[in-house]
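Q: Here the protein sequences come in this chain order: A and B. Number 161 in the UniProt record's numbering belongs to position 161 of the first sequence; there are no gaps in the numbering. Number 364 in the UniProt record's numbering belongs to position 364 of the second sequence; there are no gaps in the numbering.
Treat the hints with caution; some may be incorrect.
[Unchecked claim] Sample of chain B residues facing chain A (criterion: CB under 10 Å; computed from the structure):
no.: 1; residue: ASP74
no.: 2; residue: VAL107
no.: 3; residue: PRO110
no.: 4; residue: LEU255
no.: 5; residue: THR257
no.: 6; residue: GLN374
no.: 7; residue: SER376
no.: 8; residue: LYS391
no.: 9; residue: VAL400
no.: 10; residue: SER405
no.: 11; residue: THR409
no.: 12; residue: GLN411
[Unchecked claim] Stretch by stretch, here's where chain B covers chain A in the computed footprint (C-beta under 8 Å, at least three residues):
no.: 13; stretch: 64 to 71
no.: 14; stretch: 79 to 90
no.: 15; stretch: 136 to 147
no.: 16; stretch: 218 to 228
[Said to hold, decoys possible] Residues on chain B that point at chain A, a partial pick, calculated with CB under 8 Å:
no.: 17; residue: THR69
no.: 18; residue: THR73
no.: 19; residue: SER85
no.: 20; residue: GLY87
no.: 21; residue: THR88
no.: 22; residue: GLN193
no.: 23; residue: THR232
no.: 24; residue: LEU242
no.: 25; residue: LYS252
no.: 26; residue: PRO258
no.: 27; residue: PRO390
no.: 28; residue: GLU402
no.: 29; residue: ALA407
Don't read these hints as lab results, they were simulated from the structure. All residues carry an ideal CB built from backbone N, CA and C; glycine is no exception.
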Amino acid sequence: MLPALALYLYVVLVPSFRGAGYAFTDWSGLGERMSFVGLENFARIFDDSAAQDALWQTVAITAVITIVQNVVGLLLALGVHSRIRSRNALRVLFFAPAVMTPVVTAYLWRYLYAPEGALNTALDALGLGALRQNWLGDPGLALWSVAAIVIWQFSGYSMVIFLAGLQSVPRELHEAAGVDGAGAVQRFWHITRPLLASAVTINVMLALIGGFKLFDQVYVTTGGGPGHATETLSTLIYKNAFQFGDFAYSTAIAVLLAVVVAAVSAVQYRGLRQQKGSS
Amino acid sequence: MTNRRLPAALCVLATGALLAACSNTATPPGGGTASAALRIASNSSEKIALDAAIAAFKRANPGIDVQVTYADTDPYLTTLRTQLSSGTAPDVFFAFPAKGNAGAVQVLAPSGYLQDLSARPWAGQVPQDVKTVTQAGGKQYLLPVTFTGIGAIYNKKAMREVGGSEPTTWKDVLDLCDKARTAGRTAFALGNQTPWVTQLIDYALVSTLVYTPGSTFDADLAGGRTSFAASTGWKGAMDKYLELSKRGCFSKDPLGTPVETALQQVGKGEAVAAVQVLATAGQIRDAAAQGTELGMFPLPATDDAQATRMPGAVGTSYAINAKARDRAAAEKFIDFLAQPQIMNDYAAKSNAAPAIPNDAFAPDPAFAALLEYQKSGRTVPFMDQFWPNPKVQQAHLSGVQELFSGAATPQDVLTEMDKAYKSN
């Protein structure tokens, strides 16, 4: 335990806190020159329209991912929890994308989304050519196209957690409710849903954290473009650090992001625990 | 690595790992360990030419093992800056001229990351105009290898099939668009999903519209006497860029098209041409059928053929890490690259000219226009080379994407570039 804790301290905690210290300097990311500038970098965030746009886009995509991924995950879990014969094969199939590297799936989807890519070609073949889209090139659509990649990849992951929750629900409760005349929807709402609170808590928190930190899929598919239409806080942090030579400002945004993620996670964790306690 | 550098290095470790996964590492057969080898890093566009140069170097120096890593521009810059700040950068690496880019010599040298090459035997032969963009503080930090240009690289068969010819005026360009469209082809493949590609047509047009003979635009901009937003030439270039788009000159949905796809379109003849850095001709050839002939023409911006100028500047340059593990091998490699025959071979494989001219160079006739323009003084340095920081280029890149999506006007983009210029 102690060696692991020491390693964790040295590799994660110490660099994190020392790294955060750059947010209070003017370090460019190169060279020795560095001066203490206090809260100047944090103040800059509130005057930076690019940072504010990135914040709102991050919040929007996180909200969509969290809601849709969990709804889809729950539906998949309910589906593969049934007694259909192919349930094991379906479980593997739905979970498979989650074990792939996000960068790989993003490259894959970049080609699927191309103007003459598989998605538009498939729409044509199905007689749905009118639905063809410039999936990653249309600024009004690109953010949601990226969200769809994340949802496609991680709904299976949410499914597995929901499935574990479903399997912990005592079968006798359902049977007793059935004897009392409760329908499937009533049984789900009054028995399954409260007992899934832990799974919901974990899934929502993971999706929230993943959404706020979203980088790989955006960077590979759009690089934050077109223009700034898919810029998230993570891509903005990357650009400031490595392309603009503004490492200190980049670190300030990263610190802010960490605080936001921690706060949102704490609030929803507390809320869901209360819900679980009252049910 | 100093204690202060350690946290930064760890903070970016994940990014580094990701980028390493995207890169292409070629370890020579029988190569030794990383610590025993001369480590070289370069841009993916250099692979054909640098691989050949390394093979020649190893034949001449069988005792030196070489490891080379390639990455595309964006991940390359990220990795390089991370490695430099953490003290793990390769011994020899590709670096950009001037200062408008995050990996440019005048950005990296002041921080002490580059070895002074002023005493190398070839340093005195570097032409004066090349010195200005490969030096910092009066010291030579880069070996300039190629002189390259931005022009329209075209598929000769596709040009014939649409009934077109090399345009010499703006009207000819628009006519070519019409002919290509009538023939069911695209005149110019455009991969504006890839940010760095977005700037190329502007650069090609601005070289004629802004940098007329005797132009003092860069000096006036630096002196605060003019601005991008006040420049009729810059606005004219962006207007023409949009005019090309409205005329149907570009491939479908350029904002959803990555550069690789655009280059393949030219190679396969689906598009007649692409306005590109000449080094990408190799990638177009890779996508083309055996025997496909390529050509190049400067992109006209006016109806006066004699007024046309083309962007031409130092392309490939290499630097030595100030903390190189094997300094002697690194210097040997740099000096090897500087030999006229090696530099000529490198330039030929890059469809460029040697940055240190010599009489033995025989240019590929398909790309001879670059040398003709260079000799007649009708080339203009790449615009970003004289911008004071990388933010101007980024404002331009994302601005062009916004132009194409209708989210901004040319005036909006130019105003943002002015803000970035003054943010130094």
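Q: For the hint on PRO258 (chain B), just tell me whether its beta-carbon gets within less than 8 Å of chain A.
A: With Cβ-Cβ at 7 Å, under 8 Å, it holds.
Q: Check whether three or more residues of the stretch 79 to 90 of chain A sit with their beta carbon closer than 8 Å to a beta carbon of chain B.
A: With 0 residues in contact (Cβ-Cβ under 8 Å with chain B), the coverage given for the stretch 79 to 90 of chain A is violated.
Q: Quick check on LEU242 (chain B) please, does its C-beta sit within 8 Å of some C-beta on chain A?
A: violated, 15 Å
Q: If you look at each residue in the stretch 218 to 228 of chain A, do at least three have a Cβ nearer than 8 Å to any Cβ of chain B?
A: n = 7 at 8 Å, threshold three: holds.
Q: A closest beta-carbon separation below 8 Å is what the hint needs, so does GLN193 (chain B) meet it against chain A?
A: holds, 6 Å
Q: Do the numbers back the hint for ALA407 (chain B), that is, is its least Cβ distance to chain A under 8 Å?
A: holds, 5 Å
Q: The hint names LEU255 (chain B) as touching chain A; please verify it with the least Cβ-Cβ distance against 10 Å.
A: holds, 3 Å
Q: With 10 Å as the cut and Cβ atoms as the points, is THR409 (chain B) at the interface with chain A?
A: THR409 (chain B) check fails; min Cβ-Cβ to chain A is 13 Å, beyond 10 Å.
Q: Less than 10 Å between beta-carbons is the criterion; does PRO110 (chain B) satisfy it with respect to chain A?
A: holds, 7 Å
Q: Against chain A, run the beta carbon of ASP74 (chain B) and see if the smallest gap drops under 10 Å.
A: holds, 7 Å
Q: Let me know if the C-beta of SER405 (chain B) comes in closer than 10 Å to any C-beta of chain A, holds or violated.
A: Status holds, d = 4 Å.
Q: Does THR232 (chain B) hold up as a contact with chain A if the rule is Cβ-Cβ below 8 Å?
A: violated, 24 Å
When held up to the earlier numbered hints, the structure conflicts with 6, 7, 11, 12, 13, 14, 17, 18, 20, 21, 23, 24 and fits the remainder.
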